[in-house]
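Q: Sequence order for the protein chains is A and B. First residue of the first sequence: 0, per numbering that gives the first Met the number 0; consecutive thereafter. First residue of the second sequence: 0, per numbering that gives the first Met the number 0; consecutive thereafter.
If you're looking for bench data, these hints aren't it; they were derived computationally from the structure. A virtual CB, placed ideally from N, CA and C, is assigned to each residue, including glycine. Warning: the hint list may mix true and false statements.
[To be verified] Distance condition first, Cα-Cα at most 27 Å in a straight line; then the derived DSS-like pairs of lysine-lysine:
| no. | chain 1 | residue 1 | chain 2 | residue 2 |
| --- | --- | --- | --- | --- |
| 1 | A | Lys64 | B | Lys128 |
| 2 | B | Lys64 | A | Lys127 |
| 3 | B | Lys126 | A | Lys179 |
[As the list claims (entries may be wrong)] If you only want the chain B side, here are some residues facing chain A, beta carbon under 8 Å, derived:
| no. | residue |
| --- | --- |
| 4 | Leu5 |
| 5 | Ile6 |
| 6 | Asn7 |
| 7 | Gly25 |
| 8 | Tyr161 |
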Amino acid sequence: MDIQSFIQSGLLEAYVLGQCSAEERAQVERMAAEHVEVRAELNSIQVSLEGYAAAHAVQPPDWMKTSIMERLTQETPGHAPPDVPAPGGNNFPLRFFQILAFLLAAACAFLFLRQKEMGRENQELKLKTDSIQKELVACNQEVQKPDPIAELVCDPGTQRILVSDGKGISTIVYYNAELKRMAYDPYNIPTPSDGTHYQFWAIVDGKPVSMGMKAGNMCESLRNVENAIAFAISEEDKPEGNPAPTKVLAIGKTS
Amino acid sequence: MQDQQLINRLQAQDRTAIGNLYDAYGAALFGVVLRIVQQRELAEQVLQDTFVKAWRNGASYDASKGRLFTWLLNIARNTAIDATRTAHFQKSRKTDSLDALVYSPGGESINPDQIGVREVVSRLDEKYKSLIDLVYFKGYTQEEVAEETGIPLGTIKTRLRYAINELRGIFVEKGLAGLILTLLTINQ
Chain A
0 MDIQSFIQSG LLEAYVLGQC SAEERAQVER MAAEHVEVRA ELNSIQVSLE
50 GYAAAHAVQP PDWMKTSIME RLTQETPGHA PPDVPAPGGN NFPLRFFQIL
100 AFLLAAACAF LFLRQKEMGR ENQELKLKTD SIQKELVACN QEVQKPDPIA
150 ELVCDPGTQR ILVSDGKGIS TIVYYNAELK RMAYDPYNIP TPSDGTHYQF
200 WAIVDGKPVS MGMKAGNMCE SLRNVENAIA FAISEEDKPE GNPAPTKVLA
250 IGKTS
Chain B
0 MQDQQLINRL QAQDRTAIGN LYDAYGAALF GVVLRIVQQR ELAEQVLQDT
50 FVKAWRNGAS YDASKGRLFT WLLNIARNTA IDATRTAHFQ KSRKTDSLDA
100 LVYSPGGESI NPDQIGVREV VSRLDEKYKS LIDLVYFKGY TQEEVAEETG
150 IPLGTIKTRL RYAINELRGI FVEKGLAGLI LTLLTINQ
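Go ahead and model the full structure; you've got the sequences and the hints to work with.
A: Encoded structure:
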């Protein structure tokens, strides 16, 4: 299975969100064990969602921690209540039927009441479904707005080119020769040490053309480019970059 | 940022490990749970259940399968989402706004650094927030979102990937990943 298609498949997000079937989980774990790109991507997704969760943090009330720790002491095995001793043997047959009759009566009463409850529940569930439906229509409208990056990524003619030095620097460049556009994901490129800056290049007609300094996010990386035969990352000494690459760190060729 | 000693203690069902996890992640988990159940008392119950489950299942946490905070988040989210599906919850649903719940007298004030982060996240493009909220807080699978909205599953998957990329952009660009992880670091 092609690694890039696997990473783009949405399965990794589903795995992180705990929404996979057992077979899908096994598949993700196998791919992660075999491919460092898959592991890196899984890690990135987790960190992003963790950050999103942390951004919504709310301090719980003061008593919460103590309450939790107390419940844990009750959880420890050995604190379970002792078994209740069995009733006397002489009255067994009578007792048995008395208890059985009582249970049957209780079951009947319960089922009758439950019947009524379920009628009400159904109504409420219908109301809830209707409101969810409305919410999804609103979301639908939001989600359908045009988007050049998603268009690029989704287009069947888009190539995914790995630009990597095989050590710490790697990114996927999305390049479409017909749309004449490229973008890349800057997150797997580590922050360079002080005084050095990463610059992106497309190789066009045998010459390097600057695609700008390393972008902050994928949106910022979007550039028009045509007839590229390769993409490269270089190390530069100036924050604004140089007209030609100084030290090329990684190259990826188009197909 | 994974603390191996803490993980070992969790896997050994050491109760003090749960105390450390609470200090580090309790507020973040509480925020997520509140957003899902939207009722203060129920959220408090769910938060306690979350940590009890984390303790009970500590031995089965496998660091090679995912990060610790993500593992806790999934326990919290699942417990919270299950709580919203009980008939009891449907009946007792109130119309409190989330802001009222968050700033109610029972809770402490929010760390101003966290407010700054929240503002940045709230500037995330609405279409991506909607999708993350549906999938993350409401527990819809990508397939369910596609079915309900009629948008092709492939587009939903691309959108979600892009939405998560946007989150990375916010944190990496503003140097907030370090800030958040620092906020959540155990201060002992």
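Q: All hints, please: hold or fail.
A: Hints, verified against the model:
1. Of the supplied pair hints, the one linking lysine 64 of chain A and lysine 128 of chain B is violated, its CA atoms being roughly 31 Å apart against a limit of 27 Å.
2. A C-alpha spacing of about 36 Å is found between lysine 64 of chain B and lysine 127 of chain A, which places the hinted pair above 27 Å, so the restraint is violated.
3. Taking the CA atoms of lysine 126 of chain B and lysine 179 of chain A, the gap is about 26 Å. The hint holds against a cut of 27 Å.
4. Here the hint on leucine 5 of chain B is broken, as its CB sits about 16 Å from the closest CB of chain A, past 8 Å.
5. Interface hint at isoleucine 6 of chain B: violated, since its Cβ lies 15 Å from the closest Cβ of chain A, which is beyond the 8 Å cut-off.
6. Hint status for asparagine 7 of chain B relative to chain A: violated, with the closest Cβ pair at about 18 Å, above 8 Å.
7. The interface hint given for glycine 25 of chain B is met, as the beta carbon of that residue sits about 6 Å from the closest beta carbon of chain A, less than 8 Å.
8. For tyrosine 161 of chain B, the interface hint holds, the least distance from its beta-carbon to any beta-carbon of chain A being 6 Å, beneath 8 Å.
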